[in-house]
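Chemist: Sequence:
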Amino acid sequence: MAEQSSASESLWLLDGVTDFRNYSKQLVTQSRRSIAILTRDLDSLVYATPEFEQQLSDFVRSSRHAQVQILIKDTKPAIETGHLILRLTQRLSSKILIRKMTVEPNNKEMGFMLGDTDKLLYKNDDALHRGFFNSAAASEIKSLREEFNYLWQYGELEPEFQVLHI
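Per the numbering used here, the sequence shown starts with residue 83, numbered consecutively.
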């Protein structure tokens with residue numbers, strides 16, 4: 083169960099799938115222009131729920147400037163399961179962009195979700211559901227966004243994510 087940190091009113095310590103589901107949805111609803119996700123395998127326990135898919139869809143349709151970028155280390159599980167976000171990406175390909183990482187991040191274990199310039203959902207280890215949510219994390223986001231942009235630049239399109247239009 084999420085626990086508010088004594089260090090800050092905007093910082094919540096998370097432990098468990100339910101916490102990450104709830105705060106990922108909160109990050110999406112609080113964001114206005116951009117969401118960036120760095121993940122090992124597009125964690126289906128967090129990101130493959132119909133509620134999250136709907137909120138992400140609503141987010142990108144809310145503004146012509148809204149955009150989602152997703153970097154995935156291992157695309158195979160998402161492809162094999164027909165992940166809900168992949169199907170959403172195929173329908174909204176100009177608003178939700180996915181790339182496969184070709185360069186490892188500085189911290190190979192982490193996973194995170196950035197909302198605009200101030201919201202951060204962070205997993206200390208992307209395979210575990212422990213970390214934090216901070217709705218006033220502008221200083222932390224700056225360095226994570228720089229790293230994300232660097233990894234994005236070297237990321238590759240995954241051919242199996244593309245839809246063939248005939």
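No lab work stands behind these hints: they were computed from the structure.
Just so you know, these numbers come straight off a predicted model, no measurement behind them.
Mixed in with the good hints, there may be bad ones.
Think about it this way: if two alpha-carbon atoms lie no more than 25 Å apart in a straight line, the pair counts; the simulated DSS-like pairs of lysine-lysine are [claimed, not checked]:
1) Lys177 x Lys158
2) Lys224 x Lys158
3) Lys107 x Lys182
4) Lys224 x Lys107
5) Lys182 x Lys224
Here are the computed distance ranges between Cβ atoms for each label pair [said to hold, decoys possible]:
6) Val185 x Gln86: 31 to 41 Å
7) Gln172 x Ser116: 16 to 26 Å
8) Gly98 x Glu222: 13 to 23 Å
9) Ala209 x Leu95: 26 to 36 Å
10) Glu135 x Ser92: 18 to 28 Å
11) Ser221 x Leu95: 14 to 24 Å
All residues carry an ideal CB built from backbone N, CA and C; glycine is no exception.
Chemist: Determine for every hint whether it applies to the structure shown.
Modeler: We went through each hint and held it up to the structure:
Simply put, lysine 177 and lysine 158 have alpha-carbon atoms about 22 Å apart, close enough for the 25 Å limit, and the pair holds. A distance of roughly 30 Å separates the Cα atoms of lysine 224 and lysine 158; the hinted pair therefore is violated under the 25 Å criterion. Among the hinted pairs, lysine 107 with lysine 182 is consistent with the structure: their alpha-carbon atoms are about 23 Å apart, no more than 25 Å. For the given pair, lysine 224 sits about 22 Å from lysine 107 by alpha-carbon distance, which is consistent with the 25 Å threshold.
Between lysine 182 and lysine 224, the direct Cα distance comes to roughly 22 Å. Compliance with the 25 Å bound is thereby established for this hinted pair. For the pair valine 185 and glutamine 86, the supplied restraint of 31 to 41 Å holds, since their beta-carbon distance comes to about 35 Å. In this structure the hint that glutamine 172 and serine 116 lie 16 to 26 Å apart at CB holds, the actual value being about 20 Å. Between glycine 98 and glutamate 222 the CB atoms are about 22 Å apart, so this pair conforms to the stated range of 13 to 23 Å.
For alanine 209 and leucine 95, the hinted distance range of 26 to 36 Å is not satisfied, since their beta carbons lie about 18 Å from each other. Under the hint 18 to 28 Å, the C-beta atoms of glutamate 135 and serine 92, about 27 Å apart, fit the expected range. Serine 221 and leucine 95 have their C-beta atoms about 18 Å apart, which keeps the hinted 14 to 24 Å range intact.
The earlier numbered hints that this structure contradicts are 2 and 9.
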